[in-house]
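With the hints as extra help, turn the sequences into a complete structure.
Protein chains: 4
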Amino acid sequence: MAVGIGLIGTGYMGKCHALAWNAVASVFGDLERPVLAHLAEVDAALAARRADEFGFARATGDWRALIADPAVDIVSITTPNAFHAEMAIAALEAGKHVWCEKPMAPTIVEAQAMKAAATRSGKLAILGYNYIQNPIIRQIRTLLAENTIGAISHVRIEMDEDFMADPAALFTWKSEQSSGYGALDDFGVHPISLLHFLLGDIARVSAHMSKPFATRPTMSEGPREVETFDIATIMFDLESGASGLLALNRAAWGRKGRIALQIFGSTGAILFDQERMNEFQLYTRDDHLAVQGFRTILCGPVHAPYDRFMPAPGHGLGFNDLKIIECHELLNQLAGHPAHTIDFATGLSIEKAVHAMARSHAEQRWVSVP
Amino acid sequence: MAVGIGLIGTGYMGKCHALAWNAVASVFGDLERPVLAHLAEVDAALAARRADEFGFARATGDWRALIADPAVDIVSITTPNAFHAEMAIAALEAGKHVWCEKPMAPTIVEAQAMKAAATRSGKLAILGYNYIQNPIIRQIRTLLAENTIGAISHVRIEMDEDFMADPAALFTWKSEQSSGYGALDDFGVHPISLLHFLLGDIARVSAHMSKPFATRPTMSEGPREVETFDIATIMFDLESGASGLLALNRAAWGRKGRIALQIFGSTGAILFDQERMNEFQLYTRDDHLAVQGFRTILCGPVHAPYDRFMPAPGHGLGFNDLKIIECHELLNQLAGHPAHTIDFATGLSIEKAVHAMARSHAEQRWVSVP
Amino acid sequence: MAVGIGLIGTGYMGKCHALAWNAVASVFGDLERPVLAHLAEVDAALAARRADEFGFARATGDWRALIADPAVDIVSITTPNAFHAEMAIAALEAGKHVWCEKPMAPTIVEAQAMKAAATRSGKLAILGYNYIQNPIIRQIRTLLAENTIGAISHVRIEMDEDFMADPAALFTWKSEQSSGYGALDDFGVHPISLLHFLLGDIARVSAHMSKPFATRPTMSEGPREVETFDIATIMFDLESGASGLLALNRAAWGRKGRIALQIFGSTGAILFDQERMNEFQLYTRDDHLAVQGFRTILCGPVHAPYDRFMPAPGHGLGFNDLKIIECHELLNQLAGHPAHTIDFATGLSIEKAVHAMARSHAEQRWVSVP
Amino acid sequence: MAVGIGLIGTGYMGKCHALAWNAVASVFGDLERPVLAHLAEVDAALAARRADEFGFARATGDWRALIADPAVDIVSITTPNAFHAEMAIAALEAGKHVWCEKPMAPTIVEAQAMKAAATRSGKLAILGYNYIQNPIIRQIRTLLAENTIGAISHVRIEMDEDFMADPAALFTWKSEQSSGYGALDDFGVHPISLLHFLLGDIARVSAHMSKPFATRPTMSEGPREVETFDIATIMFDLESGASGLLALNRAAWGRKGRIALQIFGSTGAILFDQERMNEFQLYTRDDHLAVQGFRTILCGPVHAPYDRFMPAPGHGLGFNDLKIIECHELLNQLAGHPAHTIDFATGLSIEKAVHAMARSHAEQRWVSVP
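Chains as they are written, first to last, in the numbering used here: chain D, 1 to 370; chain S, 1001 to 1370; chain L, 2001 to 2370; chain V, 3001 to 3370.
Think of the hints as simulated: they come from the structure by calculation, not from any bench.
Every residue gets a Cβ at the ideal spot worked out from N, C-alpha and C, and that includes glycine.
One or more hints might be untrue.
[What the hints assert, rightly or not] Here are the simulated lysine-lysine pairs, DSBU-like style, with alpha carbons at most 35 Å apart:
{"no.": "1", "chain 1": "L", "residue 1": "K2211", "chain 2": "S", "residue 2": "K1352"}
{"no.": "2", "chain 1": "D", "residue 1": "K174", "chain 2": "D", "residue 2": "K102"}
{"no.": "3", "chain 1": "V", "residue 1": "K3352", "chain 2": "V", "residue 2": "K3211"}
{"no.": "4", "chain 1": "D", "residue 1": "K174", "chain 2": "D", "residue 2": "K211"}
{"no.": "5", "chain 1": "S", "residue 1": "K1352", "chain 2": "S", "residue 2": "K1174"}
{"no.": "6", "chain 1": "L", "residue 1": "K2174", "chain 2": "S", "residue 2": "K1211"}
{"no.": "7", "chain 1": "V", "residue 1": "K3211", "chain 2": "D", "residue 2": "K211"}
{"no.": "8", "chain 1": "D", "residue 1": "K352", "chain 2": "D", "residue 2": "K211"}
{"no.": "9", "chain 1": "L", "residue 1": "K2102", "chain 2": "L", "residue 2": "K2174"}
{"no.": "10", "chain 1": "S", "residue 1": "K1211", "chain 2": "L", "residue 2": "K2211"}
{"no.": "11", "chain 1": "L", "residue 1": "K2211", "chain 2": "L", "residue 2": "K2352"}
{"no.": "12", "chain 1": "L", "residue 1": "K2174", "chain 2": "L", "residue 2": "K2352"}
{"no.": "13", "chain 1": "V", "residue 1": "K3211", "chain 2": "V", "residue 2": "K3174"}
{"no.": "14", "chain 1": "V", "residue 1": "K3352", "chain 2": "D", "residue 2": "K211"}
{"no.": "15", "chain 1": "V", "residue 1": "K3211", "chain 2": "D", "residue 2": "K352"}
{"no.": "16", "chain 1": "L", "residue 1": "K2102", "chain 2": "L", "residue 2": "K2211"}
{"no.": "17", "chain 1": "D", "residue 1": "K211", "chain 2": "D", "residue 2": "K102"}
{"no.": "18", "chain 1": "D", "residue 1": "K352", "chain 2": "D", "residue 2": "K174"}
[To be verified] Derived CB-CB ranges, DEER-like:
{"no.": "19", "chain 1": "S", "residue 1": "E1032", "chain 2": "D", "residue 2": "D273", "range": "49 to 57 Å"}
{"no.": "20", "chain 1": "V", "residue 1": "S3178", "chain 2": "D", "residue 2": "T215", "range": "47 to 55 Å"}
{"no.": "21", "chain 1": "V", "residue 1": "S3240", "chain 2": "D", "residue 2": "D273", "range": "23 to 31 Å"}
{"no.": "22", "chain 1": "L", "residue 1": "A2169", "chain 2": "D", "residue 2": "H288", "range": "44 to 52 Å"}
{"no.": "23", "chain 1": "L", "residue 1": "L2170", "chain 2": "S", "residue 2": "T1142", "range": "27 to 35 Å"}
{"no.": "24", "chain 1": "V", "residue 1": "G3222", "chain 2": "D", "residue 2": "P338", "range": "55 to 63 Å"}
{"no.": "25", "chain 1": "L", "residue 1": "S2368", "chain 2": "S", "residue 2": "T1142", "range": "39 to 47 Å"}
Here is the structure:
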């Protein structure tokens, strides 16, 4: 029987989940179309409107009603981070599978509780780390597994955007300490999830955070001191022994969605940048010296599951398509097939790495990642 | 009341229409969700399976039954080109709106009949020229309209792929004269639609076609002479007086979905390449000389309707997203709002340009586009 | 004994020759340092000053005195094109070798006379087509010779700059008919020399020229009609049977020194752009499909004679370095070694191609290149 | 009277100095041509041969003879680093100006002695940090000075090559501890000189070095333990308060001469990569949002002193041309004009930064740069 879907939250990520649930059967053609059963929003009227738009059968202003609905098998949780723990735990305890947006929760204690609930429930508890679903990233993983660039000695990963780059922009909650560390937890989980997926876990870190602007203006009270760090840099060693650099900047003018990866091995190198998410670069020393160079490889049907979206190479997937792939992986896993997902256990280890980085900054020393 | 949708054909383009019909209300949030009423495929069993996957209520092995269905308001036609005319004309005569994949038809006579049927019916008759729906292309159009690069003097457009590049690949129908001229009609309509959208119509052409391989192998009968031209080059003048070049090559190793555009004006220039569909380049002589350069501009919410897909810039739309935008434009037009679409009348003029190019090649002289 | 050098003209190209004569022995280390014997400029005082700067032993305001100087073995001619024929013929008749800047001469009659004089003299008569001296271009030639991309079916070459792009710039001699056709003869010889070097001769052409601006302003007499064509497009077939496109635009905002080459073969493709003269791109279908892509190959010691300039790859040659290589080729040829040069005979055939293109434009038809 | 030049060493850097001394007057045309007086090499016969090639009047196998030569005003020192101190101090004490290749010396004590000798002598003592001479780098410096991208908050600089990337390459002196730290001192001085030139001095550092390969093969004795670090990463704060990252890798397959710079300010950003040394990228938030993007700016006559090499933009300087500019700056300084050079005092501070980084690595803590 087709799985029943509940969706909590209809902001951007809610829409993204809705698009995925609507598209996954059409794109992949290998599973029964999910039944869009129930949608929850804070406001019941908005819930009703979004249910119409997104194609959900029922709507509610009370997310607990959704969780109680026997027609719901999987709950998509796309609300602000502060609500993840409560909702995910409730859903798991109600016997539902959970697909929760990252990061898990503002505190490590909550994240631990989420993981514990997932373990107790025996249900799927998957986090929305969609960057790992890019067919290009999977191809890189395959190349690494096939030893195409040999033993990995060094990796650099940068994540930069510019939404905090304007010093004239008003002070917002993003600059309040209560929102977290800054770029570190805002961005850090994404590159760490990629590192985990491609190269394994981080062993130890040395971090440094900085503030591009000491204050930001307020509407009426003059400049207010900034409490978070829009910039973070981290030196690390992987468990594998490779060294690395992680750089995060949410005040980087001109960068819009950059996640730039450089992986160096004993026989070659691989480059990727999320801003050009449909291509990557490979260098191998196997080519004749006169024609050795970084190849720019465009995504195509040979890079599964691109072929499910389009028959011709080089035509381009979009960011939202990654969520469709993630949705399919979740359904694969539910059906007992091999799948690439990041569950609450792995999610917890990603968040522990973030907190270790923050501690390293505070104590100005190297810190082991637990 | 919500519009009812019928879909004929479930190959790649059929899937693409299905995805668009499923997503358009979720993405845009400004219209009632269409009702997926009826799906037709040659094989009734396949039709049933696809209807389940794509979310259509009914399925049929007889496309005429779909057209006769009163629940269907708009018919998506995604079958091979040879069927477009018969189906589109029948649908229009049955009082349905039509969304038909390009090109219109193998012959100009059929295309003319389609246009006549559309005119008689008073219904929408829209062609699936999705490249014009890219927010980047719209932004370029706006920049041209705002005179950002001044009066246009010259344009170059190249469309290259490599699916015919391997001389060892077996002879297929693509090399038979009955399939058309070759790259010219296989590819030509796309760049011509872009030229039309951005710069207006072509006045006259001088074309030259060539064959990279005189023969191609067959399974059992030895090499067979190739009858179509995988390469075409065209010099042209636009109605506006600007000169231009069009180059088409479906045997271009390494090119996967290249549609490269260079537009030169009296105060600047614009570049675009579909292989990196989320960016374009702009040069203006307004900048100080020491910092004049082509800007690489990433697509973002400022380039509508990117904002309907994602709130953050630089995260990337995909090729299939263009079909969602096209679907929304069609619904806009149905609702009497301004819309960017290419109807059968414009489609006919695009195909006339293609045939004029073929005549120019045959007669080795300049030919006016009617 | 070391060869004695005479230099006529000390504008940019004169300086470029002087730099080459000063550097060639140091760079290559395989020949005796040339003796800089005599320098000629129209103005004797300027000649003296430049002789000091450039390291020449003697200076003169009378170029015929330089040609008569027995200390001079090779004459560098870097004066405006209108003087090439008279000077080159005089030098050859005086028994000197000649290194003359391109193009040969404004008229085909003069170019023919130059070639005839060279033949009669038995001396070297070399033209300054320095783009062919780029180690990258040589590497491409080697790859083509080694059949790396198979049989060549199609080539495109564009040469664009923007020094004529500003419609507000005053009318100059470049817009007068007496200066030639426009972009065609201003630029055309460069890409044609590259085609000749890499792919052989052009068999037939169909050309179209256009004017971005009908008039240009004058200082005091109002707008004046432009007589030359800043834009030219040419379809052609090579003797080899490959088809091609040549596009020239000296009013192309944003382009500074673009000479973009695309060569498509039966097993791969090669790309090059002079604006990034230290790299080229190669695609071959020999790689595994999942990692096929254009490789960006940086110039290095493996690409002779880069190794004579620098021991490490990727550090970059400059435009002026190409003239040093050309100088070395000329000296190689003088010593009876194999050398890549373009002599007056080849130069004449290049200019005949240009004139055939102009005739094609005038007569609006295909024209064979003699 | 023209300055007399002595050159010690004729390896690659010796050739590079010789080319500069031969070219500087021709290129710039604003000074008297230097007299190439004396050349020294270890082997007298080689000295004689190189003197012929390079155009020097006299040759010697004894560098002290060169320093004693009254015809020599400036001594170019291009020998291995171990000889710099002795030669530079001797030359300064003999009353000569010194142009010495970087880095200064293997030990800080020697570097300090060199600086002291320079101070005592009152003569010019200039180091060969040629990357700062790139007109592009000067343009970036001007933009920073003009506040084009506002207050600088963050900088990243990477320097990567691949000459140590092959684990099968034999153990060489580069892997011996006696050669230094590894990538840190092999590469580090270059990016630090750029940081100094563009953004000022480094205040404190936290460094981490790693070895891609624990051992390297020897010819006959089996694998030998590697003693140096081919990879180094450094977090730093500038005196200005900006934070930064420095990454060095001489085992980075595919990188040939990469020095990649990213500078982020409060109103924009600047990017540069030495592998494409004739261009840089600028982003400013001053442009209208819809057309904000990184501009790729090609070097041209507007970026002095490119204009002294070529009249047309985009034609490309080479790495060796930077040495010609450096030579001209040295002569400017000698003549009392403003000049961009790095003298022994600044050179010493650059080397102190390197040693501070090494200490940080050893002690695994932040270290202040003295």
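field: List of violated hint numbers, smallest to largest
entry: 6, 19 and 24
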